[in-house]
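Undergrad: Here is what each chain is made of, one letter per residue.
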Amino acid sequence: DTEVTQTPKHLVMGMTNKKSLKCEQHMGHRAMYWYKQKAKKPPELMFVYSYEKLSINESVPSRFSPECPNSSLLNLHLHALQPEDSALYLCASRSGSGRGNEQFFGPGTRLTVL
Amino acid sequence: GQNIDQPTEMTATEGAIVQINCTYQTSGFNGLFWYQQHAGEAPTFLSYNVLDGLEEKGRFSSFLSRSKGYSYLLLKELQMKDSASYLCAVTGRDDKIIFGKGTRLHILP
Chain A
166 DTEVTQTPKH LVMGMTNKKS LKCEQHMGHR AMYWYKQKAK KPPELMFVYS
216 YEKLSINESV PSRFSPECPN SSLLNLHLHA LQPEDSALYL CASRSGSGRG
266 NEQFFGPGTR LTVL
Chain B
8 GQNIDQPTEM TATEGAIVQI NCTYQTSGFN GLFWYQQHAG EAPTFLSYNV
58 LDGLEEKGRF SSFLSRSKGY SYLLLKELQM KDSASYLCAV TGRDDKIIFG
108 KGTRLHILP
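Residue numbers (the working numbering), protein chains in the order written: chain A, 166 to 279; chain B, 8 to 116.
No false leads were slipped in.
Subject to a maximum C-alpha distance of 25 Å in a straight line, what follows is the list of computed BS3-like cross-link-like pairs (lysine-lysine):
1) A:Lys206 with A:Lys187
2) B:Lys108 with A:Lys206
3) B:Lys103 with A:Lys205
4) A:Lys206 with B:Lys103
5) B:Lys75 with B:Lys108
6) A:Lys201 with B:Lys108
7) B:Lys64 with B:Lys88
8) A:Lys201 with A:Lys174
9) A:Lys205 with B:Lys88
10) B:Lys103 with A:Lys218
For the record, the hints were derived by calculation from the structure and aren't laboratory data.
Kindly produce the complete structure, drawing on both the sequences and the hints.
TA: If you want it as structure tokens, here you go:
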């Protein structure tokens with residue numbers, strides 16, 4: 166089973182709203198990722214959690230706030246977003262190190278900021 | 008820093024073979040991913056190469072040369088459903104994974 170799930174599939178929000186994106190994996194993977202992807206561009210790394218601790222923050226604006234409540238769950242809290250933040254937000258998880266260290270993506274949340 | 012290059016677009020014919028190249032320059036290289044992404048969907052994992060050489064998985068194969076900073080994805084017996092973007096991504100000693108800009112592959116009947 167290589168499933169990563171994300172909710173919601175679609176989200177429309179105003180610039181004053183607060184919302185959260187959720188991601189879940191039950192593969193026992195130690196690392197979880199948030200990416201942002203605009204149309205016809207590659208995924209752009211935002212955050213990485215390793216063993217439930219934030220290990221990488223790619224200078225993401227503070228209106229995006231990640232949270233890792235446990236080893237299976239990853240949230241992205243959104244507040245005071247701008248229209249240019251509209252994109253596909255992808256969660257991914259990765260097992261460990263070495264040869265079997267694949268990374269698998271969830272289906273994504275398509276976010277529209279009005 | 009890191010730099011990953013792959014062709015922007017390629018076109019091939021149904022039933023044929025196509026090779027998508029990826030060159031990279033990075034410090035602390037650990038491994039290289041290939042993903043397939045259809046428009047509007049999430050990337051799908053194809054391969055992860057750590058050691059030099061060719062790895063085959065059905066119609067898809069991936070090759071890595073660490074000394075040359077070079078990889079390719081080989082797709083055989085092309086089908087129309089293979090029309091997609093193919094993303095090369097590298098990872099270093101930390102957990103960071105950086106993607107190339109992707110290659111859009113068009114399959115003609």
